[in-house]
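Taken in order, these protein sequences are the chains called E and H. Residue 474 in the working numbering sits at position 474 of the first sequence; the count goes up by one each step and never skips. Residue 333 in the working numbering sits at position 333 of the second sequence; the count goes up by one each step and never skips.
Don't take every hint at face value.
As the list claims (entries may be wrong) - Beta-carbon label-pair distances, calculated as ranges:
{"id": "1", "chain 1": "H", "residue 1": "Ala376", "chain 2": "E", "residue 2": "Lys329", "range": "20 to 26 Å"}
{"id": "2", "chain 1": "H", "residue 1": "Ala376", "chain 2": "E", "residue 2": "Gln267", "range": "55 to 61 Å"}
{"id": "3", "chain 1": "H", "residue 1": "Ala376", "chain 2": "E", "residue 2": "Gly343", "range": "47 to 53 Å"}
{"id": "4", "chain 1": "H", "residue 1": "Val420", "chain 2": "E", "residue 2": "Pro295", "range": "35 to 41 Å"}
{"id": "5", "chain 1": "E", "residue 1": "Ser344", "chain 2": "H", "residue 2": "Ala376", "range": "43 to 49 Å"}
{"id": "6", "chain 1": "E", "residue 1": "Gln372", "chain 2": "H", "residue 2": "Lys102", "range": "58 to 64 Å"}
{"id": "7", "chain 1": "H", "residue 1": "Ala408", "chain 2": "E", "residue 2": "Pro295", "range": "53 to 59 Å"}
{"id": "8", "chain 1": "H", "residue 1": "Val420", "chain 2": "E", "residue 2": "Pro346", "range": "57 to 63 Å"}
{"id": "9", "chain 1": "E", "residue 1": "Pro295", "chain 2": "H", "residue 2": "Ala376", "range": "26 to 32 Å"}
By construction, these hints were calculated from the structure, which means they are not laboratory data. Fair warning: this is a prediction, and the values are worked out from it, not measured in the lab. Glycine included, every Cβ here is placed at the ideal spot set by N, Cα and C.
The residues making up each chain are set out below.
2 protein chains.
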Amino acid sequence: MSDELLQRVTYLEEEVERLKNQLRMNNGCREEDDVNKKTTSEPLDGQTESKPGVTISSKKTKKHSKQRPFDFSSHPRRHVALRIAYLGWEYQGFAVQENTDKTVEARLFEALLKTRLIQDRQTSNYQRCGRTDKGVSAFSQVITIDLRSSLFSPGLGVTLPDKTPSGTYPKTGTPAKNSAPAPGSELEYLKMLNRVLPQDIRALDWAPAADGFSARFDCQSRTYRYYFPRGPLDVELMAEAAQRFVGTHDFRNVCKMDVGNGVLQFQRTILAATIRPFEENTSGNPEDPQAPHDPNDPYELFIFEIKGLAFLYHQVRCMMALLLLIGQKLESPEIINQLLDVGSNPRKPQYSMAVDFPLVLYGCDFPGLAWQGGGAELHCASAALQQQWARSAVETHVYRGMLRGLEAMGAESSKSCWLVEGSRMKNYKPLLERPCCESLEARIEHFVKRGRLERDDGENGGEAVHRGKRSKHFHDSAQPSTTKLN
Amino acid sequence: MSDELLQRVTYLEEEVERLKNQLRMNNGCREEDDVNKKTTSEPLDGQTESKPGVTISSKKTKKHSKQRPFDFSSHPRRHVALRIAYLGWEYQGFAVQENTDKTVEARLFEALLKTRLIQDRQTSNYQRCGRTDKGVSAFSQVITIDLRSSLFSPGLGVTLPDKTPSGTYPKTGTPAKNSAPAPGSELEYLKMLNRVLPQDIRALDWAPAADGFSARFDCQSRTYRYYFPRGPLDVELMAEAAQRFVGTHDFRNVCKMDVGNGVLQFQRTILAATIRPFEENTSGNPEDPQAPHDPNDPYELFIFEIKGLAFLYHQVRCMMALLLLIGQKLESPEIINQLLDVGSNPRKPQYSMAVDFPLVLYGCDFPGLAWQGGGAELHCASAALQQQWARSAVETHVYRGMLRGLEAMGAESSKSCWLVEGSRMKNYKPLLERPCCESLEARIEHFVKRGRLERDDGENGGEAVHRGKRSKHFHDSAQPSTTKLN
Numbered sequence: 001m002s003d004e005l006l007q008r009v010t011y012l013e014e015e016v017e018r019l020k021n022q023l024r025m026n027n028g029c030r031e032e033d034d035v036n037k038k039t040t041s042e043p044l045d046g047q048t049e050s051k052p053g054v055t056i057s058s059k060k061t062k063k064h065s066k067q068r069p070f071d072f073s074s075h076p077r078r079h080v081a082l083r084i085a086y087l088g089w090e091y092q093g094f095a096v097q098e099n100t101d102k103t104v105e106a107r108l109f110e111a112l113l114k115t116r117l118i119q120d121r122q123t124s125n126y127q128r129c130g131r132t133d134k135g136v137s138a139f140s141q142v143i144t145i146d147l148r149s150s151l152f153s154p155g156l157g158v159t160l161p162d163k164t165p166s167g168t169y170p171k172t173g174t175p176a177k178n179s180a181p182a183p184g185s186e187l188e189y190l191k192m193l194n195r196v197l198p199q200d201i202r203a204l205d206w207a208p209a210a211d212g213f214s215a216r217f218d219c220q221s222r223t224y225r226y227y228f229p230r231g232p233l234d235v236e237l238m239a240e241a242a243q244r245f246v247g248t249h250d251f252r253n254v255c256k257m258d259v260g261n262g263v264l265q266f267q268r269t270i271l272a273a274t275i276r277p278f279e280e281n282t283s284g285n286p287e288d289p290q291a292p293h294d295p296n297d298p299y300e301l302f303i304f305e306i307k308g309l310a311f312l313y314h315q316v317r318c319m320m321a322l323l324l325l326i327g328q329k330l331e332s333p334e335i336i337n338q339l340l341d342v343g344s345n346p347r348k349p350q351y352s353m354a355v356d357f358p359l360v361l362y363g364c365d366f367p368g369l370a371w372q373g374g375g376a377e378l379h380c381a382s383a384a385l386q387q388q389w390a391r392s393a394v395e396t397h398v399y400r401g402m403l404r405g406l407e408a409m410g411a412e413s414s415k416s417c418w419l420v421e422g423s424r425m426k427n428y429k430p431l432l433e434r435p436c437c438e439s440l441e442a443r444i445e446h447f448v449k450r451g452r453l454e455r456d457d458g459e460n461g462g463e464a465v466h467r468g469k470r471s472k473h474f475h476d477s478a479q480p481s482t483t484k485l486n
Numbered sequence: 001m002s003d004e005l006l007q008r009v010t011y012l013e014e015e016v017e018r019l020k021n022q023l024r025m026n027n028g029c030r031e032e033d034d035v036n037k038k039t040t041s042e043p044l045d046g047q048t049e050s051k052p053g054v055t056i057s058s059k060k061t062k063k064h065s066k067q068r069p070f071d072f073s074s075h076p077r078r079h080v081a082l083r084i085a086y087l088g089w090e091y092q093g094f095a096v097q098e099n100t101d102k103t104v105e106a107r108l109f110e111a112l113l114k115t116r117l118i119q120d121r122q123t124s125n126y127q128r129c130g131r132t133d134k135g136v137s138a139f140s141q142v143i144t145i146d147l148r149s150s151l152f153s154p155g156l157g158v159t160l161p162d163k164t165p166s167g168t169y170p171k172t173g174t175p176a177k178n179s180a181p182a183p184g185s186e187l188e189y190l191k192m193l194n195r196v197l198p199q200d201i202r203a204l205d206w207a208p209a210a211d212g213f214s215a216r217f218d219c220q221s222r223t224y225r226y227y228f229p230r231g232p233l234d235v236e237l238m239a240e241a242a243q244r245f246v247g248t249h250d251f252r253n254v255c256k257m258d259v260g261n262g263v264l265q266f267q268r269t270i271l272a273a274t275i276r277p278f279e280e281n282t283s284g285n286p287e288d289p290q291a292p293h294d295p296n297d298p299y300e301l302f303i304f305e306i307k308g309l310a311f312l313y314h315q316v317r318c319m320m321a322l323l324l325l326i327g328q329k330l331e332s333p334e335i336i337n338q339l340l341d342v343g344s345n346p347r348k349p350q351y352s353m354a355v356d357f358p359l360v361l362y363g364c365d366f367p368g369l370a371w372q373g374g375g376a377e378l379h380c381a382s383a384a385l386q387q388q389w390a391r392s393a394v395e396t397h398v399y400r401g402m403l404r405g406l407e408a409m410g411a412e413s414s415k416s417c418w419l420v421e422g423s424r425m426k427n428y429k430p431l432l433e434r435p436c437c438e439s440l441e442a443r444i445e446h447f448v449k450r451g452r453l454e455r456d457d458g459e460n461g462g463e464a465v466h467r468g469k470r471s472k473h474f475h476d477s478a479q480p481s482t483t484k485l486n
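Isolated chain E, as found in the complex:
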């Protein structure tokens, strides 16, 4: 009896194991990557501690066919800036996350490792200019990083390997096919990366950088663009309202406060905020009757462009949300001034930020970098993008063609903002009459209680200063912050 039972137990244990394996497989291979997902995550407001953890490369080698060991120490290194563009619609954001590998950074590091341009993330001296959220794209995301170099002579950003006892540089072995640069010239970074990156992420340009140059701290300004159709919006009113954002203000009511990550002060500087038609040449000329441009074409596309030193979490999308309410005449432009007046309005009314897909991190300004030029890589990127544009534009016109047909049949145009579902006009509640989110002070208290923040009461009655427990940095307005998630 016992023998039979033992056999039964053994059989069942194997069956359980088999089913568990199958479940694991059916849930995709992604779970193997879970171990890899614990990578450094940086708090938003500039704390630079690095976390110990599993290096990506050692885990990744399991997934690839056996790679020859590569001796990085015999190669020169070079500190460079890389300019990256990506369509963010299919990604869970730029920054690596624990619960998914569908991030732009994850793909970037896969490419950097596959091409052996870096040994691993932790030792690559990696900095990024900013982070973009799920669904948000970038034309100009800049990172700085130390890449393998082919220059055995001094150059900007180059670190040479140690010489051998005989006084020469180590041999680096036979270069892989198609990657040997002309003597005296650098590796073709863009070409190497674009060959292995997914189509919706492109390396557009690179620049050598002096040691210590940082994508995060040396960025002089960042520019975002938000695309939207006129629909029923009063775009001129929106453009006037947008001006009210310019200058240095406390934007706590125009962002999602991220106290838990150590963001405690909300003063930011906006250098420019404009709204203009996408097609500037067809702005129309009212004095010229021959120019047949419809000045109120609901199908005309506009750009909200905003340039700032640094941005808070979701700041641009909150700004856009306010502008859309103003454009729908649900709020007046004064609401912006009121929300920036944190003395009178210390707590943010509850309102949704604008949707993600129209937002693009369009420009990052780094004076002093000598961009090398994308060359052939730009033409390839352009050709691929033209095909994607063509497909998208054709679909847009299929919709538009049917809309024209419906208009001809007597259909009326929708009165609510076309970017969002549902009508907001029925039962619209003005912002200043809505319930508010917690105040900054309450949020701080919340984290102080949980031991996440320390409070230093000011000496001699000066203002209390808080700091995250994981950081030695004090937070004050003089310190530049990184671009927050938008």
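With the hints as your guide, set chain H onto chain E.
Quick look at chain H alone, frame taken from chain E:
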């Protein structure tokens, strides 16, 4: 020991069961739907035999909660025309297929059955104007069908139920909420259907029709539109070339021959074939320097519009393929005349048809039908479509914005047609030098041998006539054919 083992066995058995259930759930619930996918399929050229088989309604009732039995015979019936619009990108075509239920017709019949506007497809006297292929959309697909009516008095197309012995019409029971029309007015067909149809299929209009009126045989003309960007194409040359299609020609070299389905003659009449900009008002005025329109803007969208009595299988897409080759200057416009000259060119050169997603069955002409007008349904359809357009237009402009940026960085525009991948210019082989498909005669012979076609040799040396074995119809040019798949 045995007790512990027994407990272990019990525990493991439960674990196995739990894991199996989880596997089943993870593999999805779709397998239950497979039973429902066997529906009728009709050959292309109008053979109207009905297939015996499971009616859709009896299978469908399993999926729904128990429905009260519905006595169709006590309701009036009405012969009507319905105008349907749909975005075909997510469907496997309009016509029902055996191996998938992801067709427009399948959804249409689900809606007609769910609303109890018909009892089943076989007895609904259903006719369709045409069929569109996978990926192809329609703004004006028309069907004729007998629907349940609420009119108990004579009206156009109305068939009254038999009176009861007491001389009155049968009671039809309590109407479902929200579907009781005002006394003397018809059921709100469009509203009822749109409530249950998927968002990408809309009922836009309806018209009462005399008994015998057929969407298939009473259609006077059909109009297609194909949207495309200029890119590097010579659009003026394409427009001139398109004219050569007008008239009555043998289009066997400009379609996919479908002899197996009984299509044996390829003469068709094209009433109009034009190419024009989508935005006709901005055609530009070269004499007016203030009109800043770029006459060669590669990003300008155009429409190829073609109107004909009836079309062959893939005819429009083959026509477009030729026009695209001409636009790329890979062929001259004369190629059209040459391919329509079946005496000189009896066999079709191998070439791919144009892609599906830009094609729309835009109009179907039925003189004499009194369309009732879509009313509120049109406004709803318009509002929904505006949101879809907005999303698509924003994405198009994100691409366009990046392309502008790349141009500013020095990228050159792609020289090959933007609608297709890959460059066609390298190693381009002129059409008349390519291998050819089988001739019509060879295809006929092929099917005669397989017993699918009968040949009647002409009497007194007249021309042989063929007919499909499943049809009593003779095929000759006098008989209008249905719109074929495009």
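Can you give the numbers of the hints that this structure goes against, from lowest to highest?
-> 2, 6, 7
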